[in-house]
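Using the sequences plus the hints, can you model the full thing?
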Amino acid sequence: MSHPLQQTEPTTMQAHSGVIAMNAPEMAQASAPDRHAPGALRKALARAEVRRQWRAFSLTLPLLVFLLLTLLVPIAALLQRAVENPEVANALPATMRALDGWDRRDAPPAAAYAALVGDLARLPDRSDAGALARRLNSEVPGARSMVMGAYRDLPFEGPPEAIQERLLAADPRWGEAPLWRAIAKNGARWTPDYLLASVDLQRDALGQIERMPEEQRAFGGILLRTFHISLVVTLVCLLVGYPLAWWLASLPARSANVLMILVLVPFWTSILVRVAAWIVLLQSEGLVNRGLMGLGLIEQPLALLFNRTGVVIAMVHILLPFMILPLYSVMKSVPPTYLRAAVSLGSSPIAAFFRVYVPQTYPGIGAGALLVFILAIGYYVTPALLGGADDQMLSYYIARYTNVEVNWGMACALGALLLAATLLLYGVYRRVGKAELSLG
Amino acid sequence: MKNKSLIACAALSACLALPSLAQQQPQITVVNFGGANANAQKKAFYEPYEKAGNKVVAVEYNGEQAKIKAMVEAKKVTWDVVEVESPDAARGCDEGLFEKLDYSKIVPQADLLPAAVSDCAVGIFVWSTVMAYNGDKLKTAPTGWADFWDTKKIPGKRGMRKGARYNLEFALLADGVKPADVYKVLATKDGADRAFKKLTELKPHIQWWEAGAQAPQFLVAGDVALTTVYNGRIDAANREGRNLKIYWPGGIYDLDYWVIPKGAPNKDAALKFIAFGMQADNQSVYAQNIAYGPANTKALAKLDKKVLDDLPTSATNAKEALQFSVGFWSDQGEALEKRFAAWATQ
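Line by line, the protein sequences are chains A and B.
Under this note's numbering, the first residue of the first sequence carries the number 128, and numbering increases by one thereafter.
Under this note's numbering, the first residue of the second sequence carries the number 3, and numbering increases by one thereafter.
Everything labelled a hint here was simulated from the structure, so no lab data went into it.
Do not rely on the hints blindly, as some may be mistaken.
[Said to hold, decoys possible] DEER-style ranges, computed between Cβ atoms:
#, chain 1, residue 1, chain 2, residue 2, range
1, B, N268, A, V400, 31 to 37 angstroms
2, A, A332, B, K304, 57 to 63 angstroms
3, B, A112, A, A332, 48 to 54 angstroms
4, B, K155, A, P299, 39 to 45 angstroms
5, A, Q343, B, G265, 36 to 42 angstroms
6, A, A248, B, N268, 30 to 36 angstroms
7, A, P299, B, D138, 49 to 55 angstroms
8, B, A148, A, L358, 39 to 45 angstroms
9, A, L386, B, A148, 54 to 60 angstroms
10, A, P220, B, A72, 23 to 29 angstroms
11, B, G265, A, Q207, 24 to 30 angstroms
12, B, A215, A, P379, 44 to 50 angstroms
13, B, V59, A, A296, 48 to 54 angstroms
14, A, G418, B, A215, 24 to 30 angstroms
[Said to hold, decoys possible] Here's a subset of chain A near chain B, in silico, CB distances under 10 angstroms, partners left out:
#, residue
15, W181
16, R253
17, A260
18, Q410
19, P463
20, L512
21, R527
22, N534
23, W535
Heads up, the beta-carbon is just placed ideally off N, CA and C, and yes, glycines get one too.
Okay, structure coming up:
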């Protein structure tokens, strides 16, 4: 049910940090003896070292192959599909030739109509006409019924002018330029159009890039909304998770373990079950609203569901363990003596906490925040079930284009956009944070 | 030694024979949308068909045509009969995803509703998207789609399906367009602008639903005063003792279809199952289990008045209803849904 990115992201990062952890000490050992050993010994050592490196490499090989097959290959296929555009070029070769030199303003010459009908007649299968109709319809709404109508009316005979007349009689829109422009534009096998559309841009009739008309500008706002929701969720997770992790880290191991199970149990429960539970709790006659009204705190039930509030509450609940676990593991390694030392040297406890303790947990904060943020970006089921029409994140539209519209080019372009945004953010994090990730 | 090998041989052949014995019983995979509708189909179609000595494996999906497309393109089809919505039936037929149907092996075409007959899909039942309210909570019943927009006359939130489909039609109805003209108006740029503008008026009061089961829940929980809903969901809730009421005029009715994906593993058995399900007897059992109108008109004679009164196909209920335009939505759907996403962001 979850979006693939949700699952792949942590895998890469864990694998990534794992590789680094494994290789770094080996490298350090390897370079040390080299400089002092005499020639023969040095060679033998070098050989042994090469063998050792190969052995290490062959041990990581299964993981590398696994990553290649499950991550890199699908991502490459996704990127390819985002720019691939074979439908028109495959189906209408003669039409493309007939449209060569057309000014793209008024209706094309009659020869183009004849060429189009000829191309349609040569299609090996009805499904090819269907694919062509689908592709053109996603550019020019209405093209589907025009193309399929012409395909059903085959065969056309007579001079080009007669064919043109018959098509126009069947549907006067054949005399308009937009469909022909879409055909001419999509003659190339590769297209930037899906990627442009994913950032609300389009190419005009002559190939100049321009902004989409206002009522079609959707994805810029959706991308911003995706980041906004993820950011809010990350901040709330940090605010809630930090004190909890601190408390857990300060407890003796025995009780900390018991409480840790409480953190982890929801983590092991199905996301759908948790979402359904939140619906029961947060609905207007649900437990939370009735409780608040019973206490006299509110008079009208609060709208906690099917809006941004509900989405954030449920996402924070689901993602909290990803914040707590890295924080906890970093906090466990911070000696409590530092804080005591600061206080004994005259610092106030609050200042000591913020100036001595918190800076030592920065790696945990960074790792937890990055994990939560990147997982949140890919969220799909939770906003779909708990949010309104303006709370849906990018993955919802990726799923929509994949499953409902079956416009896989657009779905892949949106996927590429999400991937690029995630990588960019990770790059910024590395640049700003400079610290190696510590994921517990 | 010889005995041993004989026994081994017998055991081996028994093992080999067992699965082939199991396979002799015809088994087909039938895919539906789940929920109350799937239960009705189970009672009316799957169970009687299994009694006749067949095996039906029921699978649920969310109507993702992408799954059928992926199977057909990979030539690894595991589904035999799939229930699809009308735009997917039309698009799938255009794109050659489904097998052609031989009506001589199903039921006489004359017995079926005209809209149920297509080259490669056969309509199973008629369902309708309607306005509904909770009879226990609402004092004044709505008298038109303008009331759905009138939050002064009927205070409270409005439930609507997340998306452009149906909502644009309802917006135009509320704006005074006659049911017969809705798609003509919506096809023009001005008409689409008008529908979105009308929707904007109601925007702060809308509570969006994603799954069909949510709409009756909203009504029961008192979250909304009025909602758009699939009529069968209201029927299912009322069977559990609720008092939900439907306002029929302006409802948008449509059919669900059975299709056989191209290259289905048990094509002949699939066609037999469809023929079985389209029989008047089984169709009437279906309508008794959920308030969806049978596509086989002969089934109507077998239903009593109480059942007929709740069907979207009954004369009074269908009088001012609107037939969903498959052609319009398969042409304009992608663009309008994107516009809806942009509209929601504003």
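- Message: Going through the numbered hints above, which ones does this structure break? Give me the numbers in ascending order.
- Response: The structure conflicts with hints 15 and 19, although it agrees with all the remaining ones.
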